[in-house]
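S.K.: Heads up: the protein sequence lines correspond to chains A and B, in order.
Under my numbering, think of the first position of the first sequence as 1, with each following residue one higher.
Under my numbering, think of the first position of the second sequence as 578, with each following residue one higher.
Any given hint might turn out to be false.
As the list claims (entries may be wrong) - Derived CB-CB ranges, DEER-like:
#, chain 1, residue 1, chain 2, residue 2, range
1, B, Y671, A, F278, 54 to 64 Å
2, A, T115, B, D722, 36 to 46 Å
3, A, F153, B, R624, 29 to 39 Å
4, A, Y124, B, R624, 39 to 49 Å
5, A, D141, B, R624, 29 to 39 Å
6, B, R624, A, L18, 38 to 48 Å
Hints are computed from structural coordinates only; laboratory data are not their basis.
In this text, all values refer to a predicted model and were calculated from it rather than measured experimentally.
Don't be surprised by glycine CBs; every beta carbon is placed ideally from N, CA and C.
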Amino acid sequence: MRQQYAVRSTIVVTGLALVVFAVIVQIIRIQTSEQAEVFLSQGDRYSGEFQMFYPERGEIYDRNGHLLAGNRTVYEVGVSLREMESPEAMASALSSNLNLTYDEIYKKLTESPETWEYVVIQDYVAVDTVEKLKRLVEQLDDADDPRLSGLAFKPHLQRSYPENALASNVLGFVTRDGRGYFGVEEKYNDLLAGNPVQVWVPRDPNKATEIPKVPNGTTLVLTINRDLQAKVESILDESLSEYGAQNGTIIVTNPRNGEILAMATTPRMDLNNYGNYFSLYDDGSQYNRSIGMTYEPGSVFKVLTMAAALDAGTVAPQTTFIDTGAIVVGGITIQNWNRDAWGQQDMTGCMQHSLNVCLAWISSQMGTQAFYGYMERFGIGHPTGVDLSGEAPGRLKRPGDGDWYPVDLGTNAFGQGVAVTPLQMLMAASSIANEGKMATPHVLYAMLRDGHQYNVPSQYAGSPISPDTARTLNEMLAVSLEQESSMALLPGYRLAGKTGTAQIPSDYGYDAFHTNVSFVGWGPVDDPQFMVYIWMEQPSTSIWASETAAPVFSRVAEQTVILLNIPPDVVRSQVTP
Amino acid sequence: MQGQATQIIHAYRQAPWRVQRQWVGVFLLVVVGVAMVAALYLDVTARTAVTGREIQELRVEITTIQRETADLETQLADLTSTTAMQRRALELGYRPVQPGELDYVTVPGFAPPEPAILLAAKDTSPQTATIPVEYSQSLLEWFEDRIKFGGTP
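Throw the hints in and build the complete structure from the sequences for me.
M.R.: Right under this line is the structure:
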């Protein structure tokens, strides 16, 4: 009996041993077979996935820490096709909450390629909509109803502009592909966007990888003062309505360092609805007229001519000119704005009465080499280098150019036949307010990265005139405003400035009925802390800048001194050593 | 008498059941040893897996918190936007100040403040933290390291 058990035991053990042996042999065979490498590579392939970690786009603040551009949570709504139970119910639920029809959603759910496991129904869905859908899913889950199983919500960030259209021309916008267009968003796109990092992330929790360092995009602090920007935009809109102008621009800067404090243009766009771009603008140059559009500035240009002539020694403030009402330059007769003869005038009188004949005489006395040399030094015909995307260079015809004629020397002196952007004019004129030095206009105050703030130093764009010339002309322009009893004056503050009424060139010569009106001014004269440039296109209530742009300057200056806490001259004189 | 006792003891030691018991004991010792190593390995592996999962969850949490922070900052900016603040001020009975209504106080030596460093400058991005090798190393890898580097991994 015992022997029988022994035989049976031996047979069973031998059988099991053979099975084990066969298993081992099979294991070895599989491990060393030709297909083993294929299986191993397949295993490696599915052991993890490459994930792209996108940094959060840097924010944009104004100089006082108000957020101008941030990021908002939105959702990608999708469906896991393997988990989906009822495409009909899913399409019905989603169509009643998303801006898609039942058929569109049903088609996506049922006609996706078989290899697809997940299908995106809609991206950039607002939080409110997703909350509604989530509540619906919860209700069905509570009732053990699987009809919406597989519905997934993936949150991510989208660019958001809390101030909507405020400073839209300065900020620019970001499309859904994450690229910035216009303004700061385009100019500093690389800094704001940061650098995405791709990392292999294993699915095996035993192989926990280190979290990749994905620094957020650089946060920018602008020189813009949000409150001043809002006020200036408001004044611009009211002024365009009051004077019947088509479009306009107002820029406020600090002439000492080139900081742009406000830059308002029309039309402005709600940056959260950048799809309106094509309905608002015919081309990119209109997005920010301050830097993108050029025009013949008219008499505001006379400040540059006078500055050049004073600096070159061609004239002095006391130099007299007998105005006969006409002067011939290059064979063409040039007349004053009212075609009158103003008789004997000193240089302050020429500026005060804005005499074309006088300024054409001055440029003729200077000669082409000196006059255009100074215009070059003022940066006319060149981009200012402002850190905004889309700046136009303007155009200054020079002797030797095919389209330059000798009469241009005379007309250029009073701002006709030369094309500039408002910001170019502002930068050139800033030399008069800033002791002869021009500061490059800029909007970037500081960058914030890795917990540090890097302030951006101001850059000077040259010294086209001497400090003495600047001080002299500064005083002349202040006196001319006062003697003219200009509408640009502001009680309590001594200001300097110049109007500009310019004819508009067309294919058939100059438009006889419409003008562009401008004003460049600054204050307080003894310590210029702000500088304003105004351009309004084709006002209908009056063609003269003295009746349109000048009072707008006064309004802007009034709000600027309030918001920048600039006391009246009397108060400042008490504390100034 | 003494030789007889020695023979009995010798016979007792050589008893078949005693030899079997010794073998069983040795076998059980090996089994217990293997079980202990297996349990230790299982424990370490399980803890590594749990820690790895926690890291994954924390990573998701960090991303979520960063996103929520950015979202809340934007919501706050919405509530304090120029338009919203002007509306609230008007509702509370305020009106824009006129130049003649301002009084300036002379403060010798006062310098207007420059824009301050913003709170947003704080680095909220995850720092590169080196995960200790204990969190990702298996027991066998630990043994291998010990053999290779002699206790100084």
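S.K.: Honestly, which of those hints from before does the structure not fit?
M.R.: 1
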